[in-house]
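Turn these sequences into a full structure, and let the hints steer you where they fit.
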Amino acid sequence: MKKTISLVAALMMISGVVAAHPFNEAFNEQRAMYGKGHSFTWDGQTYITDHPEEVAAAAEANAANATKLLASAKAKYAEVMAVDFGWTLTKNLLKSSNKALEAGDFRKSMNISAQAEYHSRMGIAQYHQSQTEWIMAVPE
Amino acid sequence: MKIIKSLLVGASLALVASITQAASSGNTLASVDPEADRLAMQSFFQKRFPQVPLDDYVNGIYSLDAGSREQWEEIEEFPPYEFDIEEGEILFNTAFANGKSYAGCFANAGIGIRQNFPRWDESQGKIVTLELAINQCREANGEKKLGWKKGKIAQISAYMAYTSRDNVFDVQIPNDEAKAAYLDGKQSFYTRRGQLNMSCANCHIAGANILIRADLPGPTLGHVTHFPVFRSKWGELGTLQRRYGGCQKNVRGVPQKTQGEKFRNLEFFQTYMSNGLVVNGPGARK
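Protein chains in written order, with my numbering: chain A, 1 to 140; chain B, 1 to 286.
Treat the hints as calculated values from the structure; they're not laboratory data. Errors might be hidden in some of the hints.
As the list claims (entries may be wrong) - Derived pair list, reagent style EDC-like, types lysine to aspartate or glutamate, alpha-carbon separation capped at 20 Å:
hint: 1; chain 1: B; residue 1: Lys257; chain 2: A; residue 2: Glu79
hint: 2; chain 1: B; residue 1: Lys262; chain 2: A; residue 2: Glu79
hint: 3; chain 1: B; residue 1: Lys150; chain 2: B; residue 2: Glu73
hint: 4; chain 1: B; residue 1: Lys262; chain 2: A; residue 2: Glu140
hint: 5; chain 1: B; residue 1: Lys286; chain 2: B; residue 2: Glu82
hint: 6; chain 1: B; residue 1: Lys249; chain 2: A; residue 2: Asp84
hint: 7; chain 1: B; residue 1: Lys126; chain 2: B; residue 2: Asp170
Below you can see the structure in the form of structure tokens.
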């Protein structure tokens, strides 16, 4: 009986593996529950629920860093638009970041750039995921 | 215990088999079967809403929700698109500067042909929608293109749909290139987009007749038959692809290009799914 249950569990996991990597699932769950800046343990290691863009935006707030982050966010936006998977809010975020940069509010600009770049990164991930997973939604 | 074991193993294998089947069929040019897709789509809706006759799906959400249907039938007593049909007829019959007219660009002089669009155009090597054909006709006769989403193009399209009412949709897939366009449209329909990570199918298959805030999405079966529509939210007539763009914005995605390849292929797929239903455009919607 134990063998059978293990077999069922193993087979059920196949669909789970296809859907998402276990670490990503754990990260997303922790992020959704606790927001950014929260630490959690997964597979014996400690992780923080910050997105890479937020880590980059935590650098010293100055003109050089703000300009660099905005350029990076713009490049990522061009990348997501090239695969036709852009999100609607991103363009305005880039404008807002630029405005904050021009006004000398570097911290605000960096935070907004981080958000814009995250949107674009997620859009690109959505594009790649859709290429293989769309067929799973078709009624048989 | 042996029976339980066998059942568990059987269920596990069935689960894997169904995943494998879904993942490996219908998503390539070799395996896609449009007619099987169409029948599966019809079967899905007939099982889900067994009380709704197949031919009533041309009425969209009003085939599923009695309350909405009552309001819609009252709207249809004085159809808001009536003046647009009249204006469309005038535009359709007005000669171009070169003395020719739209009638010269279409089979049967453009009357009663809506059910054949979108169609695969061999010479252009792409899907041609009715609105694209209207603008191509204009350009071929030295006229400027019309805007794609509303106004004159929607009125001309509405008149042409009106002359085709009760004709049965019969979109053809004559070769592998057309089948590739169909497959591309199928992929678009089931692909999640935008910040809300939603596909057309989320709202119009799984979500049909289920409230999204205050709105009830209509079933995809019969979706295209009543376009162009006079939409109360717009306060005017609009084309199907205007609605596509609106849907993509609603899920917080940057809309794809109106009458671009993606939208034309999507319209081709969606219309093929409604083959066998009648043209009842133009229509009125909330």
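Evaluation of the provided hints:
no. : hint                : verdict
1   : B:Lys257 / A:Glu79  : 17 Å, holds
2   : B:Lys262 / A:Glu79  : 19 Å, holds
3   : B:Lys150 / B:Glu73  : 24 Å, violated
4   : B:Lys262 / A:Glu140 : 24 Å, violated
5   : B:Lys286 / B:Glu82  : 16 Å, holds
6   : B:Lys249 / A:Asp84  : 13 Å, holds
7   : B:Lys126 / B:Asp170 : 18 Å, holds
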